[in-house]
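Chain A is fixed; fit chain B onto it per the hints.
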Amino acid sequence: MIDYKKIGFKCGLELHQELSGRKLFCECSTENKEEKLMLEFKRKLRAVAGESGEIDVAAAYEQLRNRIFIYHGYEGEFCLVDMDSEPPHRVNKDALETALALALLLKMDIPDAIQVMRKTVADGSACSGFQRTMVVGLGSKDSFIETSRGVVRLSQLNLEEDACKIEKREGNKVYYSLSRQGIPLLELGTEADIKDPLHAKEVAEKIGMIFRSFPSVKRGIGTIRQDINISIKGGPRIEIKGWQDLRTLHKLIENETLRHVNLLKIRDELKNVRKLKRIETEIKEVTYVFKNTKSAVISKIVNKGGKVFAAVARGFSGLAKKELCPGKTFGKELAEYAMAYGANGIIHSDENLEKYKLVEEFKNLEKIFNAAEEDLIFIVAEKEFIAKNAINAVVKRIKYSLNGIPEETRVPDHQNIYTRYARPLPGANRLYPETDVELIIITDKILKKIRIPELISEKAIRFEKEYGLSPEYSLQVAKEDSEFFEELVKEFKNLDSNFIANSILNVPKEIKKRYNANIENIKKKDIKKVLSYINNKILPKDAITELMLKVANREEINLEEFKISEEKLEKDIKNIVEKYPNLSFNALMGEVMKKYRGKVSGKKVAEILKKYLKKI
Amino acid sequence: MVKPNFGDVIELVTKEKKYVGRFVPSPKKEIILIKLDSGYNIGILKKKVKGIKIIKKFEKKKRELKKIVYKSDLPTVMILHTGGTLASKVSYETGGVVAKFKPEEIIEMFPELCNIVNIKSKFISNMWSQDMRFEHYNIIAKEIKKELDNGNVDGIIITHGTDTMHYTSAALSFILDGLNVPVLLVGSQRSSDRGSSDAAMNLICACHFISKVKDFADVAICMHATISDDKCYILPGCRSRKMHTSRRDAFKSINCEPFAEVSYPDGKVKIINNKYNKKDPNKKLKLMLFNEKIKVGIVKAHTNMYVEQFYPYKKYDGLVIEATGLGNLPTTKIDKYTKENAKIFDFLKELSKKTVIVLAPQTIYGRLNLNVYENQRKMKKIGIIGDYLDMTPETAFIKLAWALSNFPKKKAIEIFQKDIRGELS
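Chains as they are written, first to last, in our numbering: chain A, 2 to 617; chain B, 992 to 1416.
Hints in this document: simulated from the structure, not taken from any laboratory. Do not take every clue at face value.
To be verified - Selected chain A positions facing chain B (Cβ under 7 Å, derived; list incomplete): (1) G22; (2) E87; (3) L107; (4) I111; (5) E355; (6) L426; (7) N430.
Said to hold, decoys possible - Rough simulated footprint, nothing fancy, chain A against chain B, three-plus residues with beta-carbon under 8 Å: (8) 1035-1044; (9) 1369-1380.
Cβ atoms here follow ideal geometry from the backbone N, Cα and C, with glycine treated the same way.
The following block holds chain A by itself, in its conformation from the complex (with noise of 0.2 Å):
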């Protein structure tokens, strides 16, 4: 267990929430569907320097990388303004009143003025090279979210264009989607207040819930994604990049504070056990040695012009297996310094070089090193440009283990539930603003229009005084669609909310697991139909089930079918009892009901049983 307070554990979210309607600057559609490919485009992206002459550490690392990046524009969801070839349109007005209701709901601050900015994206993932961004609402004392562990500060909420997926990855190219691209996100960004994993889960839940009290949020997968930033004492701030799921946040940051914990073990065994003041290293193209390899992974590369390069890491041997967290070893971080640069990884003198057929070959190595039992050898083969600039990312990382933890902007690993290595922390010097918006001015008469709307928490408290309904329904409702349950409590006065609320929340989940039904096939008049039926009287209660599977069904509801005469019922009831006079009263009511489930209410056949069983 790890003892979060003692370790100096430090935590803040920046929690991203997509919204729907149009994109932020142009009409684009937000739905994301990439039905139809119209449209493919190539560009390179250059490393810009700000005035000063320097270039950007990611931006440095991007150039290096010399990647081409091929856009897919789909219908309806790309245009000239999401390929970066016309000035962006006005801002979406219903975006930013969203954004601005959420800032006078959580009690921030709004400027006067609002600026878009132009934040410089290095990777492809803005066709532009920036992403545009804007502050809506600055932490005031009064924003803060209370939690069980205490309240938890929040810091600022901006409004942004989200940014391009990647869909493949090919070499040194970057396939991307343009139809994420330029969906208004809201980020709402926390002080580092969260002091363990299970309370980020709890904080990210509440702030989930806030956004979700939206009429026009987008749900569904990767809708809302987790920005993490993480530090424990001795280390620097960690940036994870785009977490999706909520349900496992947790056990990523546990993971990665333990990534942190064993680290900073590394650095102190280094230093202090192995006495180490600088790793020594080499680094030397042997092609050569593996002319007749046996291993078929390097042979297949080198037959095909690739070269291996390989390195000696003095002093380091045995630490490419240590375990970081669960699933990962130190030799796997490493390659994926090497996997940044376009290699598939990394082989090390720590792994089990039979497997790779791979003996003799590190036998040479060592020779040729003149490498000792102490010494980590590893390999990196590809195309030379590419090999050379993985072994030197990951002769770097080695070197920096005598510091600890390296700053850097990390991804997850959704799969692992683990992070992997990304890119270098961009600097502090990457907005600058975007000449083509005029200033938004923010007047009073703006912000009194603005409707803040009822939170799912104050929402599902109300349906439980209004309607009588339970406190697990009351939330669900709350949760999902609560207009459409209020327009039916209206409506069918003679319904319980209850029966309600389960007939739109549970009775599709049922029917989809027991008959696997497409409930896609119904829609809100086939509920309303189907209720008025009860409602009136023309059916019984428990028909529900039955009636919402033959909507599903696309069957027509025949009436007559659930209209049973009591002559009927009776004279079957009869003969069930006479045909099995032995069976108890429960297992007689199962025979019944077997045949008239959902068409006869089980009180109305227990009621008929009752008088037979009596009469025998």
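Below, chain B without anything else, positioned relative to chain A:
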């Protein structure tokens, strides 16, 4: 209240709050803009501000630019800056975009250039291209001559705002008589502060072209060929036009193929149309400048015209009318509603006695032919020129003014209808 300078870190106090940030320029007088620590700018109403305190004065970092090494095996290109933001840098402190002109600064931004050409550069102006006048064409031409006379220049690149780049390229085509080096106009459709700007690629491709095509001695435009960053076109200076408000591939050659394409980033040149003016040791550069007093206008023909629309040109030396289709103007009375057309005809008949009237196709593409309809034959009779010509309206405008600047009227009319620099086919 103290007056801070841009870039100073200030503390700003309003009735309710206190803000700390860098003071940056604001486009609105009533708003004070500050850049927060996070890099974001926010605006505060000036009237709300109770006090400003300067916390830290802005210090501009000084630094040495790397010296350029001259390579004798590479051609030398002179870059003349007239406008546009081909090379500019963001000042993150003040939020401004600063244009850069020194050769060392250009090399710093586009380091690959130093393996293609040696760079010299000169600042002429930094103007919006829509503000250009004939005087500016003359100034640019004189600068070109001066640089070429000084020697050791193998090609000229002119940075230019894109809006009227095709006017300037046409003007230089006509002025530079006996030109014996390449003169390429380069601009950018998307500003050079952004990573995706087309500026670098257009400039690099222009340099590749100059270094590789040794017989080229013409004026051309070098801009993106497609929406991708894959190749540039070398477009004929007097036969090109900006055909889109914002796309990178806005420039198209009209009624002919581009001279060449330059692929990027490898810089391979493929000649598509070799009808460019070639180098010739016997050529000698002579400037045939614009007479800055010459007045030429452009009117576009349309439906429902009034004769008054032509009145302003009474005192003009020349008039280009953008005719419809093959070269039609509303000059025929066909019923009781078209009496005005007869007036237009009568007025043009009078006007053409003094003012040279030429037609150009408002379809942009294609050739005029004034022999198909009756109204055209009537126009020809009264001295309106344009039959068989396939010049864009902009080239016609520039050529007419240039011809009237350098020749007597009769000769000018003759010259206008002849192919002088490859502008006609």
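Hints and how they fare:
About 24 Å separates the beta-carbon of A/G22 from the nearest beta-carbon of chain B, more than 7 Å, and the hint is not met. A hinted interface residue such as A/E87 counts as satisfied when its beta carbon comes closer than 7 Å to some beta carbon of chain B; here the least separation is about 4 Å, so the hint holds. With its C-beta approaching chain B no nearer than about 16 Å, A/L107 sits outside the 7 Å limit, and its interface hint is violated. Given the 7 Å rule on beta carbons, the hint for A/I111 is violated: about 9 Å separates it from the nearest Cβ of chain B.
Against a cut-off of 7 Å between C-beta atoms, the interface hint on A/E355 is violated, since the closest Cβ of chain B lies about 44 Å away. Taking 7 Å as the C-beta contact cut-off toward chain B, the hint placing A/L426 at the interface is violated, the least distance being around 14 Å. Against a cut-off of 7 Å between C-beta atoms, the interface hint on A/N430 holds, since the closest Cβ of chain B lies about 4 Å away. With 3 residues having a beta carbon nearer than 8 Å to a beta carbon of chain A, the stretch 1035-1044 of chain B meets the requirement of three or more and the stated coverage holds.
For the stretch 1369-1380 of chain B, the stated coverage by chain A is not satisfied: 0 residues place a CB nearer than 8 Å to a CB of that chain, which falls below the threshold of 3.
Checked against the numbered hints given earlier, this structure breaks hints 1, 3, 4, 5, 6 and 9; the rest are met.
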